[in-house]
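Chains as they are written, first to last, in our numbering: chain A, -1 to 206; chain B, -1 to 206; chain C, -1 to 206.
Some clues are possibly wrong.
If several chains are the same, the list does not tell them apart, and a pair holds so long as it fits within one copy or across any two.
[As the list claims (entries may be wrong)] Derived lysine-lysine pairs resembling DSSO-like cross-links, with alpha carbons at most 30 Å apart: (1) Lys101 / Lys178; (2) Lys29 / Lys96; (3) Lys128 / Lys204; (4) Lys36 / Lys178; (5) Lys65 / Lys149; (6) Lys29 / Lys121; (7) Lys16 / Lys96.
Everything labelled a hint here was simulated from the structure, so no lab data went into it.
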Amino acid sequence: MFRKFLPHNSDFFGLFNKIADCSVEAAELFKQATLEGKIDDATVQRMEAIEHRGDETTYAVIAKLNKTFITPFDREDIHALAKELDDVIDVINAMVGKLRTYKLSGVNKNLVDFALLIDESVKSLACAVKGLNNMKNSQEILATCVDLNHKEDLGDSMRDKSIAELFESETNPINVIKWKEIYEDAETVLDICEDVANVIEAIIVKQA
Amino acid sequence: MFRKFLPHNSDFFGLFNKIADCSVEAAELFKQATLEGKIDDATVQRMEAIEHRGDETTYAVIAKLNKTFITPFDREDIHALAKELDDVIDVINAMVGKLRTYKLSGVNKNLVDFALLIDESVKSLACAVKGLNNMKNSQEILATCVDLNHKEDLGDSMRDKSIAELFESETNPINVIKWKEIYEDAETVLDICEDVANVIEAIIVKQA
Amino acid sequence: MFRKFLPHNSDFFGLFNKIADCSVEAAELFKQATLEGKIDDATVQRMEAIEHRGDETTYAVIAKLNKTFITPFDREDIHALAKELDDVIDVINAMVGKLRTYKLSGVNKNLVDFALLIDESVKSLACAVKGLNNMKNSQEILATCVDLNHKEDLGDSMRDKSIAELFESETNPINVIKWKEIYEDAETVLDICEDVANVIEAIIVKQA
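Okay, chain A solo, but in the shape it has when bound (with noise of 0.2 Å):
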């Protein structure tokens, strides 16, 4: 009877695994096929299937959320970790969507940098939510959240400087307006992993 009260708290951070895998998977599938300068249908497929399975978690985070009395931490900080983490993929997922509804293919160095950096920033997050269970990490954990607000600097950075290049170099508009917006949404990934790095850090600060 009392079973929804009490606090499951390892099936939360069990979900919260879950999403940061399916993030990882998706920044590493969107650095290969960068890498190689072409989306193929499977490609595509695989991005959107791990796209489900991040909304999926989200989804049972929030309906557990929502059912649970006593919670591992701050319930706004739960929902905003699975979801904020789960934009993470839907922007990757965009972006690849993107790439092939456009036609945009061939090998785009400005796009390879960024994709490296989200790669490096996606994983340093995934590892930062995998350690929120074991708070002995914490000083390890705020030392990755720093690091991401560094490395979001350098994804401000890397837009404008891509976006300028655009703007001197590519002569038709329509190729402006479709690689702006690849470069803007791959530095919303960069924003989103940050805001991310912020909630975890807030959760570390609240327990301290």
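Assemble the complex: chain A is given as a structure, and chains B and C must be docked to it using the hints.
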């Protein structure tokens, strides 16, 4: 003296219904204008009047929320419900404004498809909002929320297809810029409908 | 030992005032640069220094919030106030960066109008923020908040008019893309000012 602490729940529901009615009016007017393929002064003025009424009612919800001690649902859910339902109206109003300002006239088949889907979604959403007054229908409301999630997926595909067509067939880059923005706004309306559905779902699950 | 539970309210107000001062500096610098019609290295560096100070102060508010048990207002209002006031500075800084990166020089009358309105709005907003320390002026602060809502409406019209003019008179699509983004950013600054005003209004109403 204690008047402000008493739960005037019926007033909250009355205000929600009023915003929901405004959103249905806005979607209906947008559908008509899109089917006719022209936005005249009268349409712009009618839409702005609806938007103004939506704003005022949302303002009334938030003012009431700030003064009320006991509320029928979680405070943040009430705030999100009113705010996001009002955002539906704001984005529809913005689209009508842009169609006029950008001088985009003529029937656009893709936009008609969007307007029909928006009209359906907003009507479902309004039913779900009005159902919150009586939790006996909660299963039916939850089914509507699931359906609104599917409609948002459909909206994503519509936007991708519409923008892909635009890139393929429209040779004037200025027109590409204009229509791309309209399609993105149309999809945003469906995104917000899904967000409202998620809030409704949370309200129901928490009360179960 | 109980030090962390004591309300150092004065510190919160001091930090809010500091972010408000940064936003006034940013708006002032943006106005000057816009009136001169050129952004030199010194301007970019000064703006980045302001933005950096704003970031650090916002970070201090959130760090303090996470460690403080009793706060002068609702926690989410403190968080939103600092975060959104900082967003005002971020978007102004981003605009300056883009004007430089996109090589948009020369006095642009529409942007000057925006810069003047932003300068007025940010100064009003800073007064309202500073007034929160003393609730005796609450009627005056509420009047300022209403005025900031009107200024945002004015900003909407300015953006629509500016973009319409751009579509009519600018024949280079790349320039259309660049300026459209600047005008939208300018309007976003006024949107965020209105959001901050709404938070201030909520703080006052809850304390009434």
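Hint check:
no.: 1; hint: Lys101 / Lys178; in the structure: both (14 Å within a copy, 16 Å between copies)
no.: 2; hint: Lys29 / Lys96; in the structure: both (15 Å within a copy, 28 Å between copies)
no.: 3; hint: Lys128 / Lys204; in the structure: both (18 Å within a copy, 28 Å between copies)
no.: 4; hint: Lys36 / Lys178; in the structure: both (18 Å within a copy, 24 Å between copies)
no.: 5; hint: Lys65 / Lys149; in the structure: between (36 Å within a copy, 26 Å between copies)
no.: 6; hint: Lys29 / Lys121; in the structure: within (12 Å within a copy, 42 Å between copies)
no.: 7; hint: Lys16 / Lys96; in the structure: within (26 Å within a copy, 38 Å between copies)
When the structure is compared with the earlier hints, no violation turns up for any of them.
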